[in-house]
Amino acid sequence: MRERHLTDQELIRAADGELSAAEAARAQKHIAACSPCRMRKDDLETALAQFAAVQTREPIPPAAHARALLRQRIARMPEPAWTDAIWRPAAAICVAIIAVITIFVVRHVSDRRVAHVASVSVPNPMLTPGVTVLLSKGEVCEATAPKNKTVPAALQRKVFDEYGMTAADPKFYEVDYLITPALGGADDIRNLWPQSNTATDWNAQVKDALEDRMRELVCQGQLDLATAQREIATDWIHAYKKYFHTDRPLIRSSN
Amino acid sequence: MLDCAPESNILYPGSAAELERPSVANAEEAVVALFDELRTPLLRYLVAFPLGIADAEDVVQESFLALYKHLHGGKMPHNPRGWIFRAAHNVALKRQVRSRKDSKTAGTVAGIETAVDPAPNPEDRFSLNQTQQRILAVVRALPQQSRWCLYLRGEGLRYREIAEILGVSLGAVSLRLARSLALIGRAARR
Chain E
397 MRERHLTDQE LIRAADGELS AAEAARAQKH IAACSPCRMR KDDLETALAQ
447 FAAVQTREPI PPAAHARALL RQRIARMPEP AWTDAIWRPA AAICVAIIAV
497 ITIFVVRHVS DRRVAHVASV SVPNPMLTPG VTVLLSKGEV CEATAPKNKT
547 VPAALQRKVF DEYGMTAADP KFYEVDYLIT PALGGADDIR NLWPQSNTAT
597 DWNAQVKDAL EDRMRELVCQ GQLDLATAQR EIATDWIHAY KKYFHTDRPL
647 IRSSN
Chain D
3 MLDCAPESNI LYPGSAAELE RPSVANAEEA VVALFDELRT PLLRYLVAFP
53 LGIADAEDVV QESFLALYKH LHGGKMPHNP RGWIFRAAHN VALKRQVRSR
103 KDSKTAGTVA GIETAVDPAP NPEDRFSLNQ TQQRILAVVR ALPQQSRWCL
153 YLRGEGLRYR EIAEILGVSL GAVSLRLARS LALIGRAARR
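So the protein lines, in turn, are chains E and D. Heads up: the first sequence begins at 397 in our numbering, then just goes up one per residue. Heads up: the second sequence begins at 3 in our numbering, then just goes up one per residue.
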């Protein structure tokens with residue numbers, strides 16, 4: 397099978413050293429063999445240089461006066477009251493003790509419930525920022541366009557591991573695409589997260605309804621594909637409320 | 003002032019300025035040293051925010067005073083550069099919101115300084131070539147978040163730091179950068 401081209405996001409992340417070592421090696425290998433990607437990379441680097449030239453043109457006044465002003469303002473700042481020195485650490489210790497007790501109670505008294513209820517309604521943006529492939533609106537709206545497919549079991553396990561949910565019961569979760577393939581989402585672990593099926597109102601079925609709605613709007617020309625991808629990746633619950641004009645999910649959980 | 007202080011302290015590799023844990027006595031020196039290092043990049047970012055240079059200087063002062071108070075209270079940000087950019091971003095954002103409110107309620111032009119006119123001004127026309135003028139117009143017309151991403155990246159911040167400052171995902175940072183650069187590239191080729 398032919399290897400897919402690198403996305404613009406992958407190219408810029410490669411240029412900025414923001415890919416993992418394995419991703420960077422793969423991107424480098426692809427770029428070396430792929431003339432269109434090489435050209436896009438060159439264009440991107442030219443754009444970066446052109447922006448750098450206009451970015452640094454703003455004349456900045458000398459620092460001496462501003463530095464002197466900062467020192468004056470620091471000197472005028474009131475000393476913290478001596479009581480703060482006692483009460484602040486004491487308050488911090490109390491908060492820490494309460495937090496430890498709370499964690500202990502939650503972990504040990506209702507361990508099973510916690511594993512079940514851990515409501516992963518929104519993904520961790522550091523683990524699941526959302527990744528897209530280059531698809532036009534036409535491709536998204538074709539009858540043969542990629543649909544939301546089942547994630548292979550091995551990859552599902554990897555996603556659970558990444559989220560530190562090794563003890564979670566998979567039947568209560570759906571390893572879901574943050575940006576659905578039906579809207580150009582990529583088959584990439586950074587686009588997957590374990591979404592609760594039952595624990596909260598904002599579950600996988602609700603998100604599926606949003607995905608259908610957004611694709612419909614994109615194909616009717618009422619919503620830009622890139623906007624749809626951005627909104628669903630940034631805050632899908634907010635997008636749901638916006639496009640269904642409701643503060644509550646219209647589909648209720650089966651619990 | 004303190005409520006502009008970033009809440010989380012994340013340790014990022016390659017942060018520009020690592021602070022030694024200062025005593026109360028040398029907190030001032032630590033803050034001034036960081037001020038000397040980061041004032042120019044912060045001002046460039048804030049001017050692009052957009053703020054006038056006098057307002058930007060105010061925001062920088064306020065942010066470093068917040069850092070001083072933070073250090074004075076015995077707290078230590080693991081990534082001072084990220085911390086100070088985030089503090090400055092929060093203060094600037096508040097000013098922007100306040101200035102919009104003022105202009106709405108008073109019916110005045112209080113927010114005029116923060117309104118972006120994408121067209122090059124006479125000074126730009128004089129100092130920039132035509133391609134640069136087109137690029138500047140495109141950058142000024144970008145959505146705010148995209149422009150912030152672009153300028154923060156330009157000041158050398160890592161994507162995680164940018165995501166932390168703007169409160170968006172890593173994917174959103176790279177997406178906004180990719181889109182902005184595509185527009186810049188197109189403007190340059192026109």
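Keep in mind that the hints were calculated from the coordinates and are not lab data. One or more hints might be untrue.
Unchecked claim - Derived, one-sided and incomplete: chain E residues facing chain D with beta-carbon distance under 10 Å:
1. R400
2. D404
3. R409
4. A417
5. A421
6. R422
7. D439
8. P457
9. A471
10. P519
11. L531
12. I575
13. D583
14. T642
The structure displayed is predicted, hence computed values, not measured ones. Cβ atoms here follow ideal geometry from the backbone N, Cα and C, with glycine treated the same way.
Please flag the earlier hints that this structure goes against, numbers listed from lowest up. 1, 4, 5, 6, 11, 13, 14
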